[in-house]
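A.B. asks: Here is what each chain is made of, one letter per residue.
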Amino acid sequence: MRKIAKSALDSLFAAMSESKKVYLPVDGEGGARYQLWTEGTVLSEAVNTVRSAKDFFFPQTENLVEFKMEGKKLDVIDVRRETEDFVIFGVRACDVRSFDILDRVFLGAPVDTYYKNRREHGVIVSLACNKPAETCFCQTFGIDASAPAGDIVCHMTDDTLFLDAKTEKGEKLLATLEGVTEPCADSAADEQKALIRSRLDKLPLKGLTADKFGGDKTKEFFNDPAWASLSESCLGCGTCTFVCPTCQCYDIKDFKTADGVRRFRCWDSCMYSEFTKMSAGQPRLTQKERFRQRFMHKLVYYPANNEGIFGCVGCGRCLAKCPIQMNIVKVMKKLGEGGDKND
Amino acid sequence: MQKVTRDILVNKAKELLANGTVDRVYGWKKGEFAYDVTPALFKSEKELDEFVFGDFCGANVSKYLVAESKKAGGKILVFLKPCDTYSLNQLTTEHRVDREKIYAVGIPCEGMLTGSALKDKVDSVLSVETEGDTVKVETLYDGVKTFPASDLLPDRCRNCKSKKHVTYDELIGEDGEVLDSGRFDEVEKLEKMTPDERFAFWQGELSRCIRCNACRDVCPACTCEKCVFDNPKSGLENKAAADSFEEKMFHIIRAFHVAGRCTDCGECSRVCPQHIPLHLLNRKFIKDMNTFYGEYQAGEVVGNRPPVVNYTKEDIEPSEAVKRGE
Amino acid sequence: MSVTNEEYRPLIVAFCCNWCSYAGADLAGNNRLAYPADVKIIRVPCSCRVNPAFILRAFQRGADGVIICGCHPGDCHYTSGNYYTRRRMALLFSMLDYLGIEKERTRVEWVSAAEGAKFAATMNDFCKTVAALGENKRLEDLRCKK
Amino acid sequence: MIDMKEPLMPVVGEVVDIRLDTPDIKTFRVVTPDGKKAFEHRPGQCAMLSIPGVGEAMFSITSSPTNTEYMEFSIKKCGCVTEWLHSMEVGQQITIRGPYGNPFPVDDVFAGKNLLFIAGGVGLAPLRSVINYCRHYRDRYGKIDIVYGSRSKDDLLDYKEIIDEWANDANVHVHLTIDREQEGWDGHVGFVPNYVKELGFDTDKIAVLCGPPVMIKFTLAGLYELGFEKTQIYTTLELRMKCGIGKCGRCNVGSKYVCKDGPVFRFDQLDELPDEY
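Residue numbers (my numbering), protein chains in the order written: chain A, 285 to 627; chain V, 17 to 342; chain E, 7 to 152; chain H, 11 to 287.
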């Protein structure tokens, strides 16, 4: 483990930036967002960013391929360029887990090469949450915000940042930072971890459990009468999906450019009415079915295909951002009738 | 803060359900925290146990009436804040709701807090209490913080345009007056900037847009069966903006499409997960229409003709309109 | 004006109403009145057919300036179409200005079928104004640029 | 399992032949610009066809894998992409990617068995591939029955091929039906589900169903009446798709993705899934 004084963070980012682009959460209008570090950029203290970190590997829009057409003839042009190495600094435990969840989708056969390319070039430097918020419920999914995963795991105290490399990628990066950091005992951050754990214990959603859900529960929950009342005020917007670190549905669209056609993919939302619409029909006719799909996917379908791992990381973004304040916590409580605050 | 209490509303709802005036009630349900109440439909007296009312019930439920009033059954009871009544009137004007199916009870409003505006100021909110115009917020890490309500209220409430109910079947409490608000101050501030400054301002704001469509889906004026932005045949369809042009396109066209029909309820800005001050686009149109064509408030009277679908022979020329700022 | 600016030729989209302005353009042609070839005319049944989205679309697709030409107020073939145009465009142009988009890039002119000379003069003037502004950057879509 | 290096990257396909099958169905023959098959597939699998700028859509591959020269797609005109495809001329280049989905288990489960194919309308398109595959390896399968119905004689897909080739094969029995009486038609008249019941098949076979949802529903009931088990009946599903590789998230029925886990399902498998297709 290595450490650096909090007051010297700039030198750390500068040293990282020598070999790679460094992105980190920065405070701005309405919350924190990931930004490229340049001289003078200040790390946000916010517990999380407004948008999740999935953008780095699964951006909101991404060009897939271009076409040139002449008469009846057609050319397919691969316009991809090699991505540069980059560092995402300050990723919270929940978002780090979200990468695993996305990996299982995009890196499962057949591999999504666009995602893979970005994923391989990213080094994840995670940061334990000193002040988890009331909307946080990562513990429900077995995530420990005091000990996130990542290539390098960091803990921040009032005056010091501790860095612990966990992977080969992380060790390589940490080795390049030896000039600005100094070695310290592996137990140096233990006190901070304990403090965070004591805070996690006091969170209002601490007792929420997902035990009732799982891959074999389709029959149990699909026809639950609660879906009707849970979804009745849903506006059918895509806020929850777009701020969600694990939502990965996308659309593929064509755009006629000045000299051809560009095919790109962009985020899509199962909450949108035209998401499954075909010229032949529409399997999810009302918002109830669309709403159900989103939560069934996180709590039942995803675990069914991924050894019981849930598709939610408890980051709390949908709790904070839904226009009508309907969210997965309310859904889990109402459907499961469990997860009492006091257990 | 609110002068009317939950019990008054629940008793009113129970009374109207019992005497058969209405058969369902649009209200709010409690959430996990102080601020996350959800609009919900209540169909029986028993269900009303979950009914809540308080300083976070800011959602304009008028939009739900578009679908709800088309359903079979009796009348729907809604409790409308003064600003919501403008939306209902406008929807009635546009024949989007069946007014006969709605039983509107006007309730006074002292300004509504919103979770997002609150969380801009305070982290990790455990509970919120209001006493008069003071808001006490209990937090996880910073103890109890006290604010004057005006510090936490969103723009739409700080610059409330009217405390008057323009439509209701019944009123709880006293009716208020149309207010002389400073709601165009921000617009004027922008108008006084140079074009470069304005462009930089809007570029910064709109570039944050994630095209979640929350502004559109919550807007009581956006009631098209199929939005042009969802329709592949419109030539405007787009989902996630693939170029910064598309964000501008979406917001300009959306604002234009609701111009003259937008009652300035401010829901668009309330729901924006990216805190884009979308109401400043709508207010620009409202302000321009007022200046060019005379004072007009959408939803004030049922049947009013919005200025965009009207004209006089003496109207200002477009070239003159844009010159005013100089 | 710098040398480069003189070489720069803006792309102008002119929406012309079928009954007056399009005929005005025709007359300009018949009378051999010169106006820049960079003006691309789109004939519309009435100036009020021009949806604000058309104007933004034109900018997206590479226009540097958009002008709408219709019958003089009071002379609309459909009685009142151009009155609506006048209101809509006043509001739209004011909004574009509010967003910081150069107001000189958009214009409405009333050109009758007899005003071939006015049509040519208007286009010459508009082209010159837009040329002075340079390329449309604030409402451009990079995907539509070569 | 599909294993592709670049699953989202299409290749160019050239339409070398267009056949008007019925008033609203055309069959397109597609090869690469150098005249080869774009890729190999198994019976029942699908491919994504697109016209850049118009859109991309999933179609079942109608030709049999045993055809080494080209692929065929029978496509009904019903939406934006299909309309464009219908307006194409020979020589037009389009894009093609695939193959996607799980095929019919022709080499294990079907081997040595009697087979009953039941199709309605354009539902014959996905079955044509497997029927021709089984005809090609005729000795590997038992008796083959084909029940096919459509609105009218003109709406019968591949009519010529059915009459000239399929009906002449040894131990292949073709049963055609049309919905309403029509001049020049001396075959059976009536809906497919009823016809299946009338024909009264033995249960010593595997049934494969494809057609409109109403036909599936009633035919299924008819087959149960005849004593068929769910484990003996296969069908193929269709939902909106974008990626074809189980990632874009819209073609799932419960935890199964039609593009990846389907489109071929056995009815006992469908029973495990929620009713949302």
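Accuracy of the hints is not assured; some may be wrong.
[As the list claims (entries may be wrong)] Pairs of lysine to aspartate or glutamate, EDC-like flavour, derived with a Cα cap of 16 angstroms:
1) E:LYS152 / A:ASP543
2) A:LYS415 / V:ASP139
3) E:LYS109 / V:GLU336
4) V:LYS137 / A:ASP311
5) A:LYS486 / V:ASP158
6) A:LYS503 / H:GLU93
7) V:LYS91 / V:GLU186
8) E:LYS109 / V:ASP212
9) A:LYS357 / H:GLU99
10) A:LYS561 / V:GLU241
11) E:LYS143 / V:ASP212
12) A:LYS305 / A:GLU366
13) A:LYS415 / V:ASP65
14) A:LYS503 / H:ASP281
15) V:LYS19 / V:GLU207
16) A:LYS503 / H:ASP285
17) A:LYS503 / H:ASP278
18) A:LYS486 / V:ASP259
19) V:LYS135 / A:ASP311
20) A:LYS540 / V:GLU253
21) A:LYS572 / H:ASP285
22) E:LYS152 / A:ASP311
23) A:LYS617 / V:GLU48
24) A:LYS501 / H:ASP285
25) E:LYS151 / A:ASP543
26) A:LYS501 / H:GLU282
27) A:LYS501 / H:ASP281
28) E:LYS151 / V:ASP259
29) A:LYS572 / H:GLU286
30) A:LYS618 / V:GLU66
31) V:LYS249 / H:GLU93
32) A:LYS356 / H:ASP281
33) E:LYS109 / V:GLU207
34) V:LYS161 / V:ASP139
In case anyone wonders, no lab produced these hints; they're calculated from the structure.
A.B. asks: Checked against the structure, which of the hints given earlier come out wrong?
C.D. replies: 6, 13, 15, 18, 22 and 32
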